[in-house]
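Colleague: Throw the hints in and build the complete structure from the sequences for me.
Sequence order for the protein chains is A and B.
Going by this note's numbering, the first residue of the first sequence is number 1, and it counts up by one from there.
Going by this note's numbering, the first residue of the second sequence is number 1, and it counts up by one from there.
Calculated directly from the structure, the hints in this document are not laboratory data.
Which copy? The list can't say, so a pair holds if one copy fits it or any two copies do.
Straight-line alpha carbon distances no greater than 20 Å define the calculated EDC-like cross-link-like pairs of lysine to aspartate or glutamate that follow:
| # | residue 1 | residue 2 |
| --- | --- | --- |
| 1 | 12 | 74 |
| 2 | 12 | 75 |
| 3 | 2 | 52 |
| 4 | 2 | 53 |
| 5 | 42 | 65 |
| 6 | 12 | 65 |
Spelled out, the chains give:
2 protein chains.
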Amino acid sequence: MKYEAVVEVLLKDGVSDPEGVAIMDAVISLGYGSVQRVATGKLFRLHLQAEDENAAADVVSQIAEQLLSNPVLEDFRVRDLLASASA
Amino acid sequence: MKYEAVVEVLLKDGVSDPEGVAIMDAVISLGYGSVQRVATGKLFRLHLQAEDENAAADVVSQIAEQLLSNPVLEDFRVRDLLASASA
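Modeller: Right, here's the structure in full:
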């Protein structure tokens, strides 16, 4: 089966996010005073072959842990793991 | 009301994604031969005040268009727009 998954990588709470702060400053200077906080992260969309959904989730989690995130600074989350016709 | 929203920014189809290619190479060299493609993107989590969900969605879309994405190269999508107690 072909699967598609999205991995979100976000900084852990308390880790400084200078890009988020810079965007927040720009948001305010554009006049959007209603915005209170901006946090930045990374997104990865993977297409893969796997026996079933559990096997696909395992592979995606391993790749996210080993390669896509820095476990000291970042948390990751796998979402939208879907069987895919087009992948 | 307080709202929280996630903006996903992904490269348009056909735009080269050297980071995705590099990750794909690393995925293969780690032995995950079942992976066929990796695409990279950016993620932004915004906390904001708004009258209602439509107003919040408007502000988030405007910020995504003006500040968070490059319309020549990237597409954005607003998701998980939720009323938030903690924001």
